[in-house]
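Engineer: Residues per chain, in single letters:
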Amino acid sequence: MRSLLFLLRKEFKQIFRNKALLPLIFVAPIMQLIILPLAADFEVKNINISVVDHDHSSFSQQLISKLTSSGYFRLMDYGSSFKKGLEQIEQDKADIILEIPNNFERNLIKEGEADLFVAANAINGVKAGLGSSYLSRIITNFNEDIRTKWVNKQGESGMSLIDVTTSNWFNPYLIYNKFMVPGILVALVTMVCSYMCSLNIVKEKEMGTIEQINVTPIKKYQFILGKLIPFWIIGMFVFSVGLFIVGRFVYGIVPVGNLLLLYGYLALYLVAVLGLGLLISTVSDTQQQAMSVAFFFIMIFMLMSGLFTSIDSMPTWAQVIAKSIPVTYFIEVVRMIVLKGSGFEDIQQHFLIMVGFAVLLNTLAILNYRKTS
Amino acid sequence: MSKEVVIKTDKLTKKFGDFIATNSISFEVYKGEIFGFLGANGAGKTTAMKMLCGLSRPSSGEAMIAGFDIYKQTEEIKKSIGYMSQKFSLYEDLTVKENIDFFGGIYGLRSEDLKAKRAELIKTLGLENEVNQLVSSLPLGWKQKLAFSVAVIHDPKIVFLDEPTGGVDPVTRRQFWDLIYDASSRGITIFVTTHYMDEAEYCNRISMMVDGEIKALDSPFNLKKQYGADTMDEVFYELARGATRKGD
Chain U
0 MRSLLFLLRK EFKQIFRNKA LLPLIFVAPI MQLIILPLAA DFEVKNINIS VVDHDHSSFS
60 QQLISKLTSS GYFRLMDYGS SFKKGLEQIE QDKADIILEI PNNFERNLIK EGEADLFVAA
120 NAINGVKAGL GSSYLSRIIT NFNEDIRTKW VNKQGESGMS LIDVTTSNWF NPYLIYNKFM
180 VPGILVALVT MVCSYMCSLN IVKEKEMGTI EQINVTPIKK YQFILGKLIP FWIIGMFVFS
240 VGLFIVGRFV YGIVPVGNLL LLYGYLALYL VAVLGLGLLI STVSDTQQQA MSVAFFFIMI
300 FMLMSGLFTS IDSMPTWAQV IAKSIPVTYF IEVVRMIVLK GSGFEDIQQH FLIMVGFAVL
360 LNTLAILNYR KTS
Chain C
0 MSKEVVIKTD KLTKKFGDFI ATNSISFEVY KGEIFGFLGA NGAGKTTAMK MLCGLSRPSS
60 GEAMIAGFDI YKQTEEIKKS IGYMSQKFSL YEDLTVKENI DFFGGIYGLR SEDLKAKRAE
120 LIKTLGLENE VNQLVSSLPL GWKQKLAFSV AVIHDPKIVF LDEPTGGVDP VTRRQFWDLI
180 YDASSRGITI FVTTHYMDEA EYCNRISMMV DGEIKALDSP FNLKKQYGAD TMDEVFYELA
240 RGATRKGD
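Taken in order, these protein sequences are the chains called U and C.
If you're matching positions, the first sequence starts at 0 in numbering that gives the first Met the number 0 and goes up one per residue.
If you're matching positions, the second sequence starts at 0 in numbering that gives the first Met the number 0 and goes up one per residue.
Check each hint, because a few of them may be wrong.
[Unchecked claim] Now the in silico label distances, taken between C-beta atoms and shown as ranges: (1) C:Glu-75 with U:Phe-248: 53 to 63 Å; (2) C:Glu-111 with U:Arg-8: 14 to 24 Å; (3) U:Arg-8 with C:Glu-75: 41 to 51 Å; (4) C:Glu-75 with U:Leu-258: 42 to 52 Å; (5) U:Gln-287 with C:Tyr-70: 41 to 51 Å; (6) U:Met-313 with C:Glu-61: 26 to 36 Å; (7) C:Glu-75 with U:Leu-359: 31 to 41 Å; (8) U:Leu-21 with C:Tyr-29: 45 to 55 Å; (9) U:Leu-23 with C:Leu-139: 24 to 34 Å; (10) C:Tyr-70 with U:Leu-258: 19 to 29 Å; (11) U:Met-290 with C:Asp-217: 31 to 41 Å; (12) U:Leu-359 with C:Asp-232: 51 to 61 Å.
Source of the hints: derived by calculation from the structure; they are not laboratory data.
These numbers were taken from a predicted model, which means no experiment stands behind them.
Each residue gets a CB set at the ideal place from its N, CA and C atoms; glycine is no exception.
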């Protein structure tokens, strides 16, 4: 027990004396948390639209003004040649073309129907898809306006319209940040802990100091605890600063759920992640190797944990990977507790799975860590 | 005077696959002795030493260190030995004082004892002005002397030194050997590997390893007589010449 205290004192001194790593541990995650969620916004705005109008009628003008006033579209070009519109797309000036045919107004009034043509530049699939769907929603809306107007004029009973009202729960204004901040915070804490912890242990191997430690009466578990505890505390600290200072004051996020539950899960999660860091350190002899291995995992964690993309829409094999990384579960839990206020019953299964990860990763790491060869 | 045996090995062997790094070595080392463990690069010195320190598990053979069995009582062995490797192994990002306190602490020294030890050690090494400096700022020779003093801070029965004076200037080496003699006079057994033949002359007894086996073991005086040589250099050359293994 006394040895552990000596080890902890030494670790903290070394961590706080390392002028190169200290800002990476404490400042970088906070700065990233301030900046990243602002950029990682999936709402598509400023879609550049080029309108090819062959009709030049009051209806076509109404439609265009409805488009531009929606806030999603920027009218880049207005002309009457489709070829010119296509050029705009080729030059990357426009993302989408709306072609209004001849006799649009006349057909709409007389025949009760008219065709419009939409062509989207699908290189940026998200922008094209969302752009077309926004556009068709606006056109449907426009269509309804016209119908109501004309039907009423002619005194006939209009066709019944199904009006769907959506209400967004837990994040009523669909603010993307609210969803991203907790997720990004998890990713950052994961990186700091697994990375720094494995680097720290491998550094002792590289310097040869681990050999000195191995000939002392320090026990294996004492050395490991001496390495894990400081980073466990740092993980708790970084998470708290991120949630209560950056989350609260920059993004106005106030956790809805039980904080004790959140911290209970965080404590468990950090044990699992530090186990991974320890495992990485046991398979690496140099800091360079450890960094490369850690980088491999972190890329997978960032892209497959459901941080940016929904796991439900991944192919089955990718879902299997997503479900086998611990980050996925913590991101879900943080979002559930912070945004929805979920209780213990809701995340019971997540708890069990994380216990499994913590035990598995740490057991593997300890088995792999040898004081003798 | 009966000699107390502190290291006793019997056919100690370490194999890495087909390669036999240390081949069935048997020897005894007595209490308070300065035992020189010599051999060319790749002769198997470091492997043998690691087994004796409990860092590496032997493939076969027996050994008792300070009265403890090398297989079953590694934890007891670790309390009774000190170790200093050829790679500098104090923490460069801790100060002189912090290093002394850390290693003293993990060897279980009580804080009053530690304080007294620290004061004595700093006085002996003349590091009064450097106590609160980071170890990384000290010259190599000072670091090595400090590392040795830290390795014997808990008054171990045996201290293992693996090429402790590599890259150190002659004056500092001489001072380093003063520290070794001082420790030896306090009853600490010194087990040292070296490539400097002048240092070999300082040892009470010497073993010469060639290709994983001990080819000679006696006092420097007897070895020189036996091989009809004037210096240890010649003895070493005579023995190492027969080696088939390439150095690393």
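Engineer: List, from low to high, the hint numbers that the structure doesn't satisfy.
Structural biologist: Violated hints (numbers, rising): 3, 5, 6, 10 and 11; every other hint is consistent with the structure.
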